[in-house]
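Please model the complete structure; the sequences and the hints are all you need to start from.
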Amino acid sequence: MAKVTIDGKTIEVPDGTTILNAARMIGGEIVPPAMCYYSKLKTSGGYCRTCIVKVTKGSEKDPRPMPKPVASCRTTVMDGMEVQNITSPDLLEARAGVVEFLLVNHPLDCPVCDQAGECHLQDLGYENGKVKTRYEFKRRTFEMIDIGDKIKLHMNRCILCYRCVKVSDQLTPYRVHGVLNRGEQAEISTYIKNVIDNEFSGNVIDVCPVGALTDKTFRFKSRVWFTKPVDAHRDCPTCSGKVRIWFKGADVLRVTARKDEYGEVVEWICNNCRFDKKQVSDWTIEGPAHISKHSVISANHYETPFALSALKADVKKQQKKLEGKKVELGEGALNPNNK
Amino acid sequence: MGKKLLLKHDNIPGINTYEVYRQRGGYASVEKALKTMTPEVIVEEVKKSGLRGRGGAGFPTGMKWSFLAKPPGVPRYLVCNADESEPGTFKDRYLMEKIPHLLIEGMITSSFALGANTSYIYIRGEYFYVARVLEKAIEEAYANGWLGENILGTGFSHHCYVQVGAGAYICGEETALLESLEGKRGNPRIKPPFPAVAGLWGCPTVVNNVETIAAVVPIVNDGGDEYAKIGIGKSTGTKLISASGHINKPGVYEIELGIPVEEFIYSEQYCGGIRNGKKMKAVVAGGSSVPILPADLILKTAKGEPRLMTYESLGDGGFQTGTMLGSGGFIVMDEDTSIVKNLYTFARFYHHESCGQCSPCREGTGWMEKILHKILDGHGTVADVDLLWDIQSNIEGKTICPLGEAAAWPVAAAIRHFRAEFEEYVKNPKSIKDVKHYYRLREKV
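Sequences listed follow chains E and S, in order. Taking my numbering, the leading residue of the first sequence gets 1, the next gets one more, and so forth. Taking my numbering, the leading residue of the second sequence gets 1, the next gets one more, and so forth.
Among the hints, erroneous ones may be present.
Calculated pairs, DSSO-like style, for lysine-lysine (alpha carbon to alpha carbon, straight line, at most 27 Å) [claimed, not checked]: (1) S:LYS32 - E:LYS61; (2) E:LYS132 - S:LYS184; (3) E:LYS138 - S:LYS430; (4) E:LYS166 - S:LYS191; (5) E:LYS61 - S:LYS47; (6) S:LYS191 - E:LYS132; (7) S:LYS4 - S:LYS136; (8) E:LYS54 - S:LYS191; (9) E:LYS68 - S:LYS430; (10) E:LYS57 - S:LYS70; (11) S:LYS8 - E:LYS61; (12) E:LYS138 - S:LYS374; (13) E:LYS150 - E:LYS138; (14) E:LYS277 - E:LYS228; (15) S:LYS430 - S:LYS370; (16) S:LYS191 - E:LYS3; (17) E:LYS130 - S:LYS374; (18) S:LYS4 - S:LYS70; (19) E:LYS166 - E:LYS138; (20) S:LYS191 - E:LYS42; (21) E:LYS42 - S:LYS184; (22) S:LYS136 - S:LYS8; (23) E:LYS68 - E:LYS42; (24) S:LYS341 - E:LYS138; (25) E:LYS130 - S:LYS249.
Covered stretches of chain S, going by a simulated chain E footprint (3 or more residues, C-beta under 8 Å) [unchecked claim]: (26) 357-364; (27) 397-404.
If you're looking for bench data, these hints aren't it; they were derived computationally from the structure. Because the structure is a prediction, the values reported are computed rather than measured. Glycine included, every Cβ here is placed at the ideal spot set by N, Cα and C.
Below you can see the structure in the form of structure tokens.
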């Protein structure tokens with residue numbers, strides 16, 4: 001067992017635990033954000049660098065601090081280690097820098113992106129990013145391609161987290177999906193647009209932290225915050241059959257795997273459940289899914305007085321940061337009751 | 001003239017063939033090591049010699065060797081890093097092309113010290129011709145019993161292979177090299193585990209530079225103490241320096257570590273002074289990724305002492321007023337050189353070579369290149385220079401492998417020492433000449 005202190009909170013964890021997992025055991029706001037690490041996928045993590053933390057004391061034996069920020073998802077804890085995450089202003093600044101890099105080539109097409117509302121990059125940018133990008137050049141672009149008949153790959157939005165590559169490697173038997181080219185031009189692809197054709201390929205949609213891989217049966221049907229998530233199950237011969245279905249009115253718009261509080265899939269589901277079972281009669285409904293109350297999906301609409309004032313405050317905060325001075329929003333501009 | 005250990009015979013005709021090399025005392029170290037020494041003794045000699053990695057980082061070789069894990073029943077590997085891609089560095093190429101047997105001899109001796117029965121020479125794709133030279137040398141070594149089963153009847157067997165890469169800078173990083181050698185995409189691995197524990201195919205592996213392995217030969221022949229007599233302090237032995245740029249005599253020179261930088265640049269036996277009688281403006285002392293230094297700081301440290309060609313003296317003053325010995329790619333620039341254009345060339349290179357695995361390097365290198373291009377186009381502002389500074393500090397230290405730092409350091413140093421030149425460019429775009437040349441370069445990428 002190793003004792004580790006993260007932002008002043010101490011916990012004892014088994015040897016070999018990573019700093020990120022130790023932080024998740026403590027929970028709360030000290031958990032570093034992770035865009036590429038996925039606890040269900042081996043060898044994932046270490047690429048996006050958003051989970052960097054500062055190690056101020058290496059271990060009980062060797063108390064020297066680590067010279068550079070380390071990726072918490074791939075660094076294992078040592079006994080007596082002391083870590084700073086949100087208590088270190090330098091580190092938050094560094095993380096803001098990383099977020100800026102992630103957004104350099106991201107098209108920021110959230111208004112037309114199906115992932116908006118449940119996008120990890122959106123949350124990350126909102127929580128850790130800067131208000132305005134300083135990038136002023138043309139962004140890299142790719143053609144959209146189809147991976148099979150149910151999955152759309154929109155490479156422009158990709159942040160190269162490699163999660164989908166790991167899913168293809170570890171969940172499905174034939175590897176036909178990987179990374180082509182290098183550097184800025186690196187691209188997730190099935191070589192020469194090969195089709196990923198197996199029962200579990202749809203899981204790449206669930207692991208994608210951004211809107212790069214989307215479900216073609218759901219594309220442009222609805223914004224996610226207009227749909228209501230409900231847990232359901234069925235007897236499926238290939239997978240566990242435990243899913244989350246998303247209703248709009250009485251229609252099932254899409255089926256996804258259930259996700260935990262860090263947005264990670266609890267159990268993988270098969271393509272049959274995901275793409276083909278879109279009738280209410282296919283499913284046994286368990287009850288409403290638990291969604292974080294801060295999520296826009298939980299709010300579902302912006303009409304309640306609380307949500308509206310919160311939104312206004314947010315907009316004001318952003319504007320203030322942007323202009324460097326207080327900007328008076330026209331009262332009632334966002335108020336639907338003020339007709 | 002200083003003492004030469006590696007390039008003693010480089011001008012003898014036919015030294016690349018086995019017969020001539022053997023006549024000049026070649027393969028003596030293999031004989032000595034296999035017949036009279038044990039692996040532990042050789043590692044001890046290398047430790048005593050104070051030899052430091054010649055690839056750039058300068059990590060003590062003896063210590064690296066002693067870190068090698070030795071679990072029973074698991075093969076160990078020695079990999080020679082001949083993926084010499086750092087702009088400004090061409091010493092390994094010279095060594096391999098001229099005296100290939102020296103490397104093969106070093107590989108056999110080092111492998112014996114490490115207990116490795118298989119070794120690989122990973123050479124970059126552009127050195128195709130050199131790979132042929134090495135393959136011929138290996139063939140000759142097999143034919144004369146220096147490689148293969150039961151070498152010299154001692155029971156030690158060793159096989160050496162040459163593997164040609166596809167010409168990626170990133171494959172010079174040791175874990176990316178191992179990935180590439182395994183036949184995968186050359187992406188650096190996340191450390192730990194280090195190659196000394198789990199390297200090639202998950203087995204303990206030592207990765208050393210060509211020059212480091214070659215330097216094992218004189219260490220075994222003459223003893224570690226003899227080798228340590230050359231040089232100053234912790235910088236012992238000789239070092240190959242590939243001098244290029246605006247000097248009278250560019251080329252590969254073997255120097256004794258510890259000679260003054262001034263002597264190296266201006267003396268007749270080395271660089272021979274600045275071309276066309278011009279003044280020196282700046283020097284990149286160890287390959288493109290180390291910080292550039294202006295003329296006054298390269299000749300004298302900030303404390304006013306003369307700067308010497310050693311790891312410590314060049315690093316004196318940290319990155320504020322110092323630089324690194326690096327891989328020995330010594331680029332001298334005269335007074336007419338534009339630092340901004342030079343930096344753009346470097347930034348373009350790192351943008352092209354970034355592997356795209358981790359985000360700061362993937363996005364940051366391209367961004368820096370675009371800003372420098374904008375400045376050279378005459379559209380830059382002072383804010384752009386500050387932005388460049390911010391980007392490089394956001395990349396530095398946040399990447400998986402040192403390529404991010406290699407891309408960030410030259411930018412930082414150029415702005416630190418030559419900010420006035422950047423500001424002149426953004427305030428007075430007419431001072432930029434020959435931009436068309438850079439357009440042409442860009443189209444090729």
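Okay, the hints, checked on the actual structure:
1. Pair hint LYS32 (chain S) plus LYS61 (chain E) does not hold up; C-alpha atoms about 42 Å apart against a cutoff of 27 Å.
2. For the hint linking LYS132 (chain E) to LYS184 (chain S), the alpha-carbon distance of about 39 Å lies beyond 27 Å, and the restraint is violated.
3. Restraint check for LYS138 (chain E) and LYS430 (chain S): the C-alpha separation of about 25 Å stays at or below 27 Å, so the hint holds.
4. For the proposed pair LYS166 (chain E) and LYS191 (chain S), the alpha carbon gap of about 19 Å is at most 27 Å, so the pair holds.
5. For the suggested pair LYS61 (chain E) and LYS47 (chain S), the alpha carbons sit about 26 Å apart, so the restraint of at most 27 Å is met.
6. Simply put, LYS191 (chain S) and LYS132 (chain E) have alpha-carbon atoms about 34 Å apart, too far for the 27 Å limit, and the pair is violated.
7. Proposed proximity of LYS4 (chain S) and LYS136 (chain S) is supported: the alpha carbons are some 26 Å apart, at most 27 Å.
8. A hinted pair counts as satisfied when its Cα atoms are at most 27 Å apart, and LYS54 (chain E) with LYS191 (chain S) qualifies at roughly 17 Å.
9. For the hint linking LYS68 (chain E) to LYS430 (chain S), the alpha-carbon distance of about 41 Å lies beyond 27 Å, and the restraint is violated.
10. This hinted pair does not check out: LYS57 (chain E) and LYS70 (chain S) have alpha carbons roughly 30 Å apart, beyond 27 Å.
11. As the CA atoms of LYS8 (chain S) and LYS61 (chain E) are separated by approximately 47 Å, the hinted pair breaks the 27 Å bound.
12. Proposed proximity of LYS138 (chain E) and LYS374 (chain S) is supported: the alpha carbons are some 12 Å apart, at most 27 Å.
13. At most 27 Å may separate the alpha-carbon atoms for a hinted pair to count; LYS150 (chain E) and LYS138 (chain E) exceed this at roughly 30 Å.
14. The straight-line distance between the Cα atoms of LYS277 (chain E) and LYS228 (chain E) is roughly 17 Å, inside the 27 Å bound, and the hint therefore holds.
15. A threshold of 27 Å between alpha carbons decides the hint, and for LYS430 (chain S) with LYS370 (chain S) the separation of about 20 Å falls inside it, so the pair holds.
16. With a C-alpha separation of about 22 Å, the suggested pair LYS191 (chain S) and LYS3 (chain E) falls inside the 27 Å cut-off, and the hint holds.
17. With a C-alpha separation of about 23 Å, the suggested pairing of LYS130 (chain E) with LYS374 (chain S) holds against the 27 Å cut-off.
18. The hinted pair formed by LYS4 (chain S) and LYS70 (chain S) fails the criterion: a straight-line CA distance of about 35 Å is larger than 27 Å.
19. Distance hint between LYS166 (chain E) and LYS138 (chain E) is unfulfilled; the C-alpha atoms sit about 30 Å from each other, more than 27 Å.
20. Distance restraint check for LYS191 (chain S) and LYS42 (chain E): the Cα-Cα separation of roughly 15 Å lies within the 27 Å cut-off, and the hinted pair is therefore satisfied.
21. Note on LYS42 (chain E) and LYS184 (chain S): the hinted pairing holds, with a Cα-Cα distance of about 18 Å set against a maximum of 27 Å.
22. For the hint pairing LYS136 (chain S) with LYS8 (chain S), the CA-to-CA distance comes to about 22 Å; that is within 27 Å, so the pair holds.
23. Distance restraint check for LYS68 (chain E) and LYS42 (chain E): the Cα-Cα separation of roughly 25 Å lies within the 27 Å cut-off, and the hinted pair is therefore satisfied.
24. For the given pair, LYS341 (chain S) sits about 22 Å from LYS138 (chain E) by alpha-carbon distance, which is consistent with the 27 Å threshold.
25. Under the criterion of a C-alpha separation no larger than 27 Å, the hint pairing LYS130 (chain E) with LYS249 (chain S) is inconsistent with the structure, at around 51 Å.
26. With a threshold of 8 Å between beta carbons, the proposed coverage of the segment 357-364 of chain S by chain E holds, since 7 of its residues qualify and at least three are required.
27. Closer than 8 Å: that is the beta-carbon criterion, and the segment 397-404 of chain S has 4 residues meeting it against chain E, so the requirement of 3 holds.
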